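Undergrad: With the hints as a guide, dock the two chains, each given alone in a separate frame, to form the complex.
If you're matching them up, the sequences are chains A and B in order.
With our numbering applied, the first sequence has no gaps in its numbers, which climb one by one up to 310 at the end.
With our numbering applied, the second sequence has no gaps in its numbers, which climb one by one up to 575 at the end.
Bear in mind the hints are in silico, worked out from the structure with no lab data behind them.
Please note: incorrect hints may appear among the correct ones.
[Said to hold, decoys possible] Over 10 Å on every C-beta distance to chain A, these chain B residues come out as not near it, computed from the model:
#	residue
1	Q339
2	R379
3	H396
4	A398
5	E412
6	E488
7	H494
8	K509
[To be verified] With a straight-line Cα cutoff of 25 Å, these simulated DMTMM-like cross-link-like pairs (lysine to aspartate or glutamate) come out:
#	chain 1	residue 1	chain 2	residue 2
9	B	K472	B	D522
10	A	K95	B	D414
11	A	K95	B	E401
12	B	K509	B	E488
13	B	K472	B	D356
14	A	K95	B	E462
15	B	K509	B	E401
16	B	K335	B	D522
17	B	K509	B	E525
Remember, predicted model here, so these are calculated numbers, not experimental data.
Just so it is clear, CB atoms sit at the ideal spot from N, CA and C, and this is done for glycine as well.
Listed below are the residues making up each chain.
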Amino acid sequence: MNPAPSSTWFTTGPHWAWFIVLYFFIGGLAGGCYFLSALIDLFDRREDRPLARLGYYIAFPCVALSGLLLLADLGRPLRFWHMMIESNTYRPMFKYWSPMSTGVWALLIFGLFTFLSFLAALAEDDRIGWPALRTIGARWPALRRLRGPSALGRVISVIGAIFGLYIAGYTGVLLAVTNRPIWSDTPLLGMLFVVSATSTSGALMMLVAYRSGWRMPGLADLHSMESWVIVLELLVLIAVLVSLGPVLTAWLNAWGVLLVIVIAFGLIWPLIQSWRARQPGQMNFARAAPLVLLGSFLLRLVIVFSSQAI
Amino acid sequence: MPEPMGFYTDTTVCIGCKACEVACKEWNQLPSTNGGVNTLSGDSYDNTRRLDGIHWRHVKFIEQFPEDRKDGRWLLMSDVCKHCVHAACLEVCPTGAIIRTEFDTVVIQSNACNGCRDCIAACPFGVIDINPVSHVAQKCTLCYDRLQGGMEPACSKACPTKSIQFGTIRELHERAQERVAQLHQNGENRAYLYGADDKMLGGLNSFYLLVDKPEVYGLPPDPKMPTRNLIPGSVFAVLGAVMVGLAAIFNFRNRGASQERKMRP
Numbered sequence: 001m002n003p004a005p006s007s008t009w010f011t012t013g014p015h016w017a018w019f020i021v022l023y024f025f026i027g028g029l030a031g032g033c034y035f036l037s038a039l040i041d042l043f044d045r046r047e048d049r050p051l052a053r054l055g056y057y058i059a060f061p062c063v064a065l066s067g068l069l070l071l072a073d074l075g076r077p078l079r080f081w082h083m084m085i086e087s088n089t090y091r092p093m094f095k096y097w098s099p100m101s102t103g104v105w106a107l108l109i110f111g112l113f114t115f116l117s118f119l120a121a122l123a124e125d126d127r128i129g130w131p132a133l134r135t136i137g138a139r140w141p142a143l144r145r146l147r148g149p150s151a152l153g154r155v156i157s158v159i160g161a162i163f164g165l166y167i168a169g170y171t172g173v174l175l176a177v178t179n180r181p182i183w184s185d186t187p188l189l190g191m192l193f194v195v196s197a198t199s200t201s202g203a204l205m206m207l208v209a210y211r212s213g214w215r216m217p218g219l220a221d222l223h224s225m226e227s228w229v230i231v232l233e234l235l236v237l238i239a240v241l242v243s244l245g246p247v248l249t250a251w252l253n254a255w256g257v258l259l260v261i262v263i264a265f266g267l268i269w270p271l272i273q274s275w276r277a278r279q280p281g282q283m284n285f286a287r288a289a290p291l292v293l294l295g296s297f298l299l300r301l302v303i304v305f306s307s308q309a310i
Numbered sequence: 311m312p313e314p315m316g317f318y319t320d321t322t323v324c325i326g327c328k329a330c331e332v333a334c335k336e337w338n339q340l341p342s343t344n345g346g347v348n349t350l351s352g353d354s355y356d357n358t359r360r361l362d363g364i365h366w367r368h369v370k371f372i373e374q375f376p377e378d379r380k381d382g383r384w385l386l387m388s389d390v391c392k393h394c395v396h397a398a399c400l401e402v403c404p405t406g407a408i409i410r411t412e413f414d415t416v417v418i419q420s421n422a423c424n425g426c427r428d429c430i431a432a433c434p435f436g437v438i439d440i441n442p443v444s445h446v447a448q449k450c451t452l453c454y455d456r457l458q459g460g461m462e463p464a465c466s467k468a469c470p471t472k473s474i475q476f477g478t479i480r481e482l483h484e485r486a487q488e489r490v491a492q493l494h495q496n497g498e499n500r501a502y503l504y505g506a507d508d509k510m511l512g513g514l515n516s517f518y519l520l521v522d523k524p525e526v527y528g529l530p531p532d533p534k535m536p537t538r539n540l541i542p543g544s545v546f547a548v549l550g551a552v553m554v555g556l557a558a559i560f561n562f563r564n565r566g567a568s569q570e571r572k573m574r575p
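Extracted from the complex, chain B is given alone in its bound form (with noise of 0.2 Å):
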């Protein structure tokens, strides 16, 4: 059985060239946008805009810059499917298309899929929807077949500035934290991982190393599942059902208890 494999994203050295999503579509043979026809997004270099069925790669603009112009940072983050180790895609999944591999991984099964899109809705990161030509839903598989076939994932192989490192959990985990470590001591305090440790969905096998809040980056703070409203709801759902229950017997007993004193002499 292989260990846990993932990503580690270091967004410090990310550049936004975008070789990644080139070579994710490429490799997944994703089907362009808008049938190739280019529209700008108005916001950044940023014209992917989001993750989904046909963007399992997307790289983020984040600028930072005061009115005056005269001091300023660009934020660059490479985003993709989290592969938590608690999935809220597999889930809720109704059909169990969506597995968890030998990688511990989370890949969507295409052929079994029949976009009923109750994933869309659960998970956290807003990173599944529905690719429109197999109108199926699809994200990352982390390159499953890459991985069957020993080889690295697309992304990662091709980011030239090892922005996206692909390896073992345990041995991304110590490379993230020596990275965290020395942008510490070269003054640059705010950078911290996000997803590294179990307290997050029992931990992310795609984390990151950020350097501002999670939602400056698009990413919740605190990602839950969706099933911590199954027992709350059931619970007051089934109240519901008491409530309109007891609501119509007592109306319809009522009538009853009249007639009957009609009928006695």
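If we strip away everything but chain A, and leave its shape as in the complex, we get (with noise of 0.2 Å):
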């Protein structure tokens, strides 16, 4: 009998599948480019303005549908509100301690930023093809005091962007806080999910914008901070690798050569391509952006499945 690297090996996994890798990666991407396009609208720079708007209409359609995955991946889906209200008592249900409900109310009060963001954002646009939402901001023009630089607009922005990275690492902290072989052998994935949400998040939002042939100086920036991010991303790897000491041997199967694909052609090829752009912002990045939503989908597929398969 080979003793196991760790008590974790124990236990039995819970059938978290391809709903909750497609939610990982959905509501990581949710919060990032929301936090972006708050950071893009704090810095208050006009011509910047339809990339915030971007990562606004990408936030909230994610969440929308980080919440049909969650409610999909129920057992008993019409039993969702006993995650918000405690069903023999109609009191409300919170554990700070909990991920998993700490989770559940973030998202929902994410889903009313994002929301409103979403609507500043329509408000604004007047290049909508669809006309019901074009005139959206011409019937309540209002709406658009919900986004910067009016200073209800940068309340909503801040608020919203801490609870966007909320949702983008609590996902983390939620498999660490389990007895789960990998999972709970490393208190870094919390960590590890933030950085890799910011930068799929830069990615896409990057990738929109070049095929859409924009070129926008807050693009450059956009860039130029992607490569700093995709360079912390492969350090806080490095750190979840070493943190977890003999229970890297978990990974010495095929999950182990998918994640070293993941290494190296979601990070740093992409690095490599971004660093050979002379000029920041230009084309190369934008061939590179679909393998580092590819990585980041593929990271946490092998993260939740790996652990699964023991």
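TA: Structure representation (structure tokens):
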């Protein structure tokens, strides 16, 4: 009998599968895109406003989809409200020490903020093809105040961005607060997910912006930031591997091979592409951005599935 | 308020009859596996395989024989939920479906559980799983309904060798310690109690007398609470958020500075 590398080897996997992997990815995109848009708004440069709008346009549908994915994953979806209201007493249900409990509330609140910013972006945008949406700004001009530079807009952006980062990272803490191999053998998954969500969101926003032919200055800043965040993600990933210690043997299989592919083609190659672009904001990174997105998805896939394969 | 109740399982007198499994299934009306079609695991006489949503008792068969079969022994153990004093499942459950009863046992209320499965990942013993019929997480209730009616749990009632004993925790501890002393006196010095003291998750209300290392029985040597990672995990996540925030601010501010320089005459 081979000795188990950790006491976590004696536990059962929770059967979290594709819905959860997708939620980790899409929820991360929602949080990351909102955070980047809020940041762009806070720097308040007129020419960058379409870029910020893009992030708000991504964040709200992603949050809505996240809710649906979580609902579909439940064994009894119609009892989803038991997460928020105790079904026996009808009192609010909240456990600050349970990441799933805090995450549900955070997703709900973040959903509200993404909706407000989504409305503000729609109200401001006069280039939308759908007439019903185009008239939002004309009918309710006050909606524009839900975004900076108004004080209310700034408050919404800052609070929403904090919740966005929470949504991007709590999923890693949720995995750590279990007794499963890999997940609970390192405290760094939350950090990894926050950094990864930001790099993924930056890649998606740049990809859409480049494909749309945008050339605003904020794009160059985003590109420059993306390189730094990918370096940070690599460092955190190395720290995760080191912190796992003997548990790392759990990745001496196909999952480990996939992880190496993710590191090589989802992080290092895009980083090289980013550095090779002499002029920041050139098309080089646009070609690498889909790999960052795919790598981010596969990273979550490896983490979620490899633990449950034990 | 009743005294804390639980199980003491003396693995040295278990004969592997599985009466406990049958009694548990019968009383709790748990469905059969695979529609009742018998499939053999190939793992000794263990065709139950593991504890899950429809197997709340599991008799383990551990064969310890050398290749020449001259010497050896069977280790038999009826496994069940440990009803931990510090229960990981209860701690993380986001719906409040998992409760501690007046008997100090841990019960999942099936009508409140929504099948999120957080408790399955949290349990350090791999006890809980989804019941494929009800689609909610289920496990041993220590026959909560029978206890409320003044009866003992079905499994201990059915056990023909008193390997599974039910009673107050205080009384069970005394009995178990006497048995360990007796075994030591008879030369079985490997006998010890697993989970009887409060060092393991505050104490297990279902504890065991074992004669080999816990890992041999498929039990974790040092089970831990999942929330041990809550503070370090959260601190690192916040640190990650601060780092990306600084990276973003640094890069966006840089352009602002360069633009200002350009605008100067």
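Undergrad: It remains to establish, for every hint, whether it holds in the given structure.
TA: A quick look at each hint next to the structure:
no.: 1; hint: Q339; verdict: holds (19 Å)
no.: 2; hint: R379; verdict: holds (18 Å)
no.: 3; hint: H396; verdict: holds (12 Å)
no.: 4; hint: A398; verdict: violated (6 Å)
no.: 5; hint: E412; verdict: holds (16 Å)
no.: 6; hint: E488; verdict: holds (29 Å)
no.: 7; hint: H494; verdict: holds (25 Å)
no.: 8; hint: K509; verdict: holds (14 Å)
no.: 9; hint: B:K472 - B:D522; verdict: holds (20 Å)
no.: 10; hint: A:K95 - B:D414; verdict: holds (21 Å)
no.: 11; hint: A:K95 - B:E401; verdict: holds (9 Å)
no.: 12; hint: B:K509 - B:E488; verdict: holds (20 Å)
no.: 13; hint: B:K472 - B:D356; verdict: holds (21 Å)
no.: 14; hint: A:K95 - B:E462; verdict: violated (34 Å)
no.: 15; hint: B:K509 - B:E401; verdict: holds (18 Å)
no.: 16; hint: B:K335 - B:D522; verdict: violated (29 Å)
no.: 17; hint: B:K509 - B:E525; verdict: holds (18 Å)
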